[in-house]
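K.L.:
Sequence:
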Amino acid sequence: MRFWDASALSPLIVTDVFTARAEALMHQDEGMMVWWGSRVECASSLARREREGRLAAAESEASWRRLERMVVTWNEVAPNDDLRAESVRLLRRHSLRAADALQLAAAVLAAKTRPQPLDFVTFDERLADAAREEGFRIQGIR
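Residue numbers (the numbering used here): 734 to 875.
To be clear, the hints were calculated from the coordinates, so they are not data collected in a lab. There's no promise every hint is true.
Computed list of lysine to aspartate or glutamate pairs in EDC-like fashion (alpha-carbon distance at most 16 Å, straight line) [to be verified]:
hint, residue 1, residue 2
1, Lys-845, Glu-867
2, Lys-845, Glu-809
3, Lys-845, Glu-801
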């Protein structure tokens, strides 16, 4: 199982330059671990593309259906006080935005409950750097 941030989930929903790499990683994964807010982040990305006219109507509808199919298959890390405290710690240590700190905090907490190491899948360079410094092996960015 790997932890997937929103930048790695998005190419599975809407085709972009990272889609082939994300699909290859997904097919190798026995289960996707994600932050509870990832669904909202993916919906935001998809809605923004719609507003900007970067998706045809058929592609947009297919993308929303893909998101809904994915949501029921992944494992979510729910928000709680420990996650909030970990997010604040990460914000003080790394140059992250709040949403990225929440993603990484979810991965940190999920990794503590796993018997085996949890890889971190992202296409965001800044988040990859922070995750690497927190001890994660990074997948996605080469």
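K.L.:
List, from low to high, the hint numbers that the structure doesn't satisfy.
P.N.:
3
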